[in-house]
Amino acid sequence: MIFGLAVLLAGEAFFGYRLHQLSARQEAIKADHAEVNNITYGLLSVEQWQDEVAQIVNQQVRHLTLTKKQKRLLQSEVEEILYALIDKAEKMVDKKPTSLGGKIRKLIVKTFVKADKIRAQVPSFARSIIAKADNPDQKAKLSDLAMSKFTEVQQSKTVDSTLKANHALFNAMYHKYGVDDTPTLNHKLDKLLSQIRVDMYQYCFLMLGCVVVVLALWWLLRKRVDLHATLFILSLLFAFILLAVGLSASMIEVDCRIQTLDFTVLGQHVTFKDQVLFYESKSILGVVEVLVKQPAADSIGVGILILCFSILFPVMKLSSTGIHLLSRKQIAENRIIKYFAFQSGKWSMADVIVIAILMTYIGLNGLLDKQLALLNIHSQDLTLITTNNTALQPGYIIFISFVLYGLILSTILKYITPNDAH
Amino acid sequence: MKYTFINIILLLGLTALLGGAAFSGSRLAALSAERESIKEDYSLANSVTFGLFSVDQWRDRVSDVINHQINGFHITKAQRKALQVAIEKEMHSLVSKTVAEINQPQKSIGGKLKKLAFNALVDADELHAQVRPFAKTIVAKISSPESEKKLKTIAGSKINQLTAQIYDSTRVANYTVTQYVYKKYHVNNPISFNQQINERLAVIEHAKFQLIWVMLGCVVAALLLWLSLRKQVQLQTPLFIFALLFAFVLLATGSLVPVIEVDARISSLDLALMDGTVQFRNQVLFYQSKSILGIVHTLISQSKPDAIAVGSLIMLFVIILPLLRLIAKGIYVLSKRKIARSPVVKYLTFELGKWDMADVMIVGILMTYIGLNGILKSQLSNLNIHTESLNVITSNGTSLQPGYFIFAGYVVFSWLLSYVLKKVSPHDKF
Numbered sequence: 001m002i003f004g005l006a007v008l009l010a011g012e013a014f015f016g017y018r019l020h021q022l023s024a025r026q027e028a029i030k031a032d033h034a035e036v037n038n039i040t041y042g043l044l045s046v047e048q049w050q051d052e053v054a055q056i057v058n059q060q061v062r063h064l065t066l067t068k069k070q071k072r073l074l075q076s077e078v079e080e081i082l083y084a085l086i087d088k089a090e091k092m093v094d095k096k097p098t099s100l101g102g103k104i105r106k107l108i109v110k111t112f113v114k115a116d117k118i119r120a121q122v123p124s125f126a127r128s129i130i131a132k133a134d135n136p137d138q139k140a141k142l143s144d145l146a147m148s149k150f151t152e153v154q155q156s157k158t159v160d161s162t163l164k165a166n167h168a169l170f171n172a173m174y175h176k177y178g179v180d181d182t183p184t185l186n187h188k189l190d191k192l193l194s195q196i197r198v199d200m201y202q203y204c205f206l207m208l209g210c211v212v213v214v215l216a217l218w219w220l221l222r223k224r225v226d227l228h229a230t231l232f233i234l235s236l237l238f239a240f241i242l243l244a245v246g247l248s249a250s251m252i253e254v255d256c257r258i259q260t261l262d263f264t265v266l267g268q269h270v271t272f273k274d275q276v277l278f279y280e281s282k283s284i285l286g287v288v289e290v291l292v293k294q295p296a297a298d299s300i301g302v303g304i305l306i307l308c309f310s311i312l313f314p315v316m317k318l319s320s321t322g323i324h325l326l327s328r329k330q331i332a333e334n335r336i337i338k339y340f341a342f343q344s345g346k347w348s349m350a351d352v353i354v355i356a357i358l359m360t361y362i363g364l365n366g367l368l369d370k371q372l373a374l375l376n377i378h379s380q381d382l383t384l385i386t387t388n389n390t391a392l393q394p395g396y397i398i399f400i401s402f403v404l405y406g407l408i409l410s411t412i413l414k415y416i417t418p419n420d421a422h
Numbered sequence: 001m002k003y004t005f006i007n008i009i010l011l012l013g014l015t016a017l018l019g020g021a022a023f024s025g026s027r028l029a030a031l032s033a034e035r036e037s038i039k040e041d042y043s044l045a046n047s048v049t050f051g052l053f054s055v056d057q058w059r060d061r062v063s064d065v066i067n068h069q070i071n072g073f074h075i076t077k078a079q080r081k082a083l084q085v086a087i088e089k090e091m092h093s094l095v096s097k098t099v100a101e102i103n104q105p106q107k108s109i110g111g112k113l114k115k116l117a118f119n120a121l122v123d124a125d126e127l128h129a130q131v132r133p134f135a136k137t138i139v140a141k142i143s144s145p146e147s148e149k150k151l152k153t154i155a156g157s158k159i160n161q162l163t164a165q166i167y168d169s170t171r172v173a174n175y176t177v178t179q180y181v182y183k184k185y186h187v188n189n190p191i192s193f194n195q196q197i198n199e200r201l202a203v204i205e206h207a208k209f210q211l212i213w214v215m216l217g218c219v220v221a222a223l224l225l226w227l228s229l230r231k232q233v234q235l236q237t238p239l240f241i242f243a244l245l246f247a248f249v250l251l252a253t254g255s256l257v258p259v260i261e262v263d264a265r266i267s268s269l270d271l272a273l274m275d276g277t278v279q280f281r282n283q284v285l286f287y288q289s290k291s292i293l294g295i296v297h298t299l300i301s302q303s304k305p306d307a308i309a310v311g312s313l314i315m316l317f318v319i320i321l322p323l324l325r326l327i328a329k330g331i332y333v334l335s336k337r338k339i340a341r342s343p344v345v346k347y348l349t350f351e352l353g354k355w356d357m358a359d360v361m362i363v364g365i366l367m368t369y370i371g372l373n374g375i376l377k378s379q380l381s382n383l384n385i386h387t388e389s390l391n392v393i394t395s396n397g398t399s400l401q402p403g404y405f406i407f408a409g410y411v412v413f414s415w416l417l418s419y420v421l422k423k424v425s426p427h428d429k430f
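Chain order of the listed sequences is A and B.
For the first sequence, the numbering used here gives the first residue as 1, with consecutive numbering after it.
For the second sequence, the numbering used here gives the first residue as 1, with consecutive numbering after it.
Quick caveat, the hints were computed from the structure, so don't treat them as lab data.
Among the clues, some could well be false.
Said to hold, decoys possible - Okay, the calculated beta carbon distance ranges per label pair: (1) B:Q104 <-> A:S161: 53 to 61 Å; (2) B:I70 <-> A:Q195: 57 to 65 Å; (3) B:S389 <-> A:V53: 17 to 25 Å; (4) B:T153 <-> A:K191: 56 to 64 Å; (5) B:S301 <-> A:E289: 30 to 38 Å; (6) A:D274 <-> B:Y175: 21 to 29 Å; (7) B:Y175 <-> A:I129: 39 to 47 Å; (8) B:E146 <-> A:V109: 29 to 37 Å; (9) A:K139 <-> B:S93: 21 to 29 Å.
Cβ atoms here follow ideal geometry from the backbone N, Cα and C, with glycine treated the same way.
Pulled out of the complex, with its shape left as it was, chain B reads as follows:
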């Protein structure tokens, strides 16, 4: 048996490849789960509920703008002039009124005397002439720095008094959420939180693509090996079993790793308000990332019977039946003629294709992705507003995730297996 040695090396090589694929599959699943949890925390902390939809946030931002306005307030020359004119007018009318009052026909002797004294001593025109310097004094006094400071303090404290009367119930919830995420990520301010999240996501993204390539590379290497050995008839059975194991790894990883991620946010909102701007950044409207098993789980955990029915159907057609077919193929190849030709095994191996909907699922997910992406894009672009005072930019981060490609890999691989099985099957088919 000169093949034995080669056989052992071959089998060891294949085992190593299988191990590599399985390892990268499990790493991928773990990384995807971590990424999902990070993104969920990020979406929670940056949710519109605690931002754009929170009256507290608006109050803080608007009162900042107003306080800034008050602090920067300064009586300008034009305003001084206007003030002066206003005060002069007021004083002139006051003087005229007083003079007119005294000059009224008086009945009592005291009144008459007073009138006499007033007319002797005071000249109305002179009084009017003195209005200007007095008004100037008042204006100078009001626009002096100390007095401005005092007025600002009064206005500022009044504004604070008013803003204290504006609030909603997000404060406690917001505090709890912030404490939770800060503690989880060991940070203490929003900037370092966002920074850390972005760093971690970048690392995961990088590793994720490496793992996908490693995994698919292992599968392709195994296929090439098989192809080069297709003439060695005695090796076909172990090779086929290995192929089935590869398919199983692909199926398991493909159904555990997220397939579509939906991430809709308002990336920035700027509202111009009294020379200041009210800004909101990265407001997450909606985030959702699910694997095929996650979709099934969500459907089944509903209280509605129709959702449960659909979930079970998908579970049956997309996960259980493909699994059964893999096992049946294994039994068919491995076992003796009698078992292999039993109708159940034969039915499972060859006839079940019509009910196996893994390929339909791939098409269905792709259709959902494109449809959802298109609808979200057009809905979000309706929210994009660019005017002088208001600037809204939305972003739609809907994307296919690695689970989709791995599951697609499984589908292609299983087609190949069915095709090969028809060719190499040790027992005649019918």
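Chain A extracted, bound-state conformation:
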């Protein structure tokens, strides 16, 4: 029996180790995935906007058209200026010349130039002036000018260096996964992730299977009092493995993204999809780290409390159960040992509850989606912040199993202990 249990224990340890490895690998891949789809390389990236802006400049300047009304207004404006100029010229000519040359000039001008005739031509002049400004060649010239200014900005040093850094990062990423563009990379990462996910759950269930086998053994051997002590110590080892894996594997991942950003700017349709604002994958120790790093004292207190409930209490509990069972009566009936052996188990559940509540508040917020759906609004075209990809991870399941297993073990202990349990 001991040999069988040892094999089972080794199996459990192996599955736990694999689960831990896979969880670390998944975390790394997810982080890469989030990095590639991060908002800084999408919505907030100069590169993404370059093409759009180039199109816009081109279209707006080259195809700048004045409506009929605008043309009419502009025409009347130009006409008025021309009339004013003609009036001015007439007045100057009409001024009494003093010199002989001036007199002759006035005479000639009066004879040859008919002010009324010129006035009649003003509208056609004005039209040709506007046409000149409005002709395609002129616009093409302007648009070229604008484009050259634009490329100048584009090639300025700061923009250039960020682009270079981005390209380096993406190339490293492509190289790492053996692909050569972002869509294939995303596709490949998705496939890898779903594969790892399946594997992880397999190992997770194998581990739980081992624990169930151990509990079944207890049921089978409930009459064999002589074996109980050995069986109990081995069961404690199983509990330690569960605890270690539960603490180190990732428990929760938070993924916050802008689902869609879809709009039309100056005739150019711009769409951004799945822009990752924030991605974190945390084990319970990671959560403690985040809390302890907050500036406020109360958050640090909570971090320490979680640490107590997740490490200190369980370790104390498991050791106390062992001590209670094995050592002499005097030590076994020590109040602290007894408290930890029998009563402390449920406080580890506080961590489970904290993560569960966090999950319902930040992870499963279908609030806006749900309300929009009630009003028959399709939310896929709206700019929503979603955290729908937030999920619980196998580490969490292992940790819950540990807590429940620990509670069951202390119940078993109560029945088999030679000492007083109360």
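Dock chain B against the given chain A, drawing on the hints supplied.
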């Protein structure tokens, strides 16, 4: 039986207290539900999706600023001078060019004649001297009020033409949402909507605190009564049953009323743009308010098996087991020795404490609240920006709700009950 009369009065008094607690509990649940629905509607109507994240909103605000600029546009003296200089320069070069063209060596007789006539009649210097008055005329003409008005009309219509080409898909959704909330609250503009929401919330807030006090007051009064009657052995059983009923009311109310509310918003964003400002007010990033049952419901209604498992565990340990323990205690006190000593009832009454996690839940919720509050606060304070042109103020309205205090009341009360039961239990324990 001289106690009978007192007994009846006592029982009536306790019933009245219980009724008071139950009534205020149900009112509290109803009020909390109303408050939640109002806040949800408010968050929907003021969501960033229809504000800060909507291109339509930005377009409207920016084009307002630009139109304002255009309308307020006026050619200043300095600009006039600059314009005049520019026009003069242009005209001088035009004159020089024309003179140079005519003075080119001419081949045809017509050309030669023209040159002769031009040189006889026109003096280039004189032409140059006349540039100034002509330029003045042009500038005066352009900066005249009518002409300015015309130019503004042209620029304004051009801007409108451009803004018509900027849009996103929020318009229909925004309209539907606005119509829905306006109809629900019988208002017709955002200002009266916000005002009404605030008024209603203030009323609810006031009533809520009154109800909590009434409820806890009833429970405390019942406890005091019990304490003063602790010597009357024959009254212990009915008193204990009443205590159990009080505990049940507390448990039911505590699990139905929201425990934590999270409300993160950008309370104001001001962007200085060409002497105008683009303003956004009260943009709700995130709102969530849940009771313990709501948390369980959310977890269980997921499609993910792990979430369902966790939801069922919380349901079992935090709601069903405490309920079972209350019932078992009732059976233990009320029924005959034989049933009361049956192992199932005894196990439920005395041994189940380890699995009953209502107290763990209280600690867990408090930890979640503090942790969530701290994380949100530091994340939001990263968004606070104060520069000359951009001013962003965020606010974090995370708070514990009445459900938490009532549930905590239940936990304390149930500790007391377990303690008392060990003392007064009519049957020996083991």
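Evaluated hints:
With their beta carbons about 55 Å apart, Q104 (chain B) and S161 (chain A) fall inside the hinted range of 53 to 61 Å. Separation of I70 (chain B) from Q195 (chain A) is about 60 Å and conforms to the stated range, judged on CB atoms against 57 to 65 Å. A C-beta distance of roughly 21 Å is found between S389 (chain B) and V53 (chain A), which places it inside the suggested range of 17 to 25 Å. Roughly 60 Å separates the CB atoms of T153 (chain B) and K191 (chain A), a value that falls within the hinted 56 to 64 Å.
Taking the beta carbon of each, S301 (chain B) and E289 (chain A) are about 32 Å apart, inside 30 to 38 Å as hinted. Under the hint 21 to 29 Å, the C-beta atoms of D274 (chain A) and Y175 (chain B), about 27 Å apart, fit the expected range. Range check, Y175 (chain B) to I129 (chain A): Cβ separation about 45 Å, and the 39 to 47 Å hint holds. Taking 29 to 37 Å as the suggested C-beta distance range, the pair E146 (chain B) and V109 (chain A) conforms, at roughly 31 Å.
Under the hint 21 to 29 Å, the C-beta atoms of K139 (chain A) and S93 (chain B), about 24 Å apart, fit the expected range.
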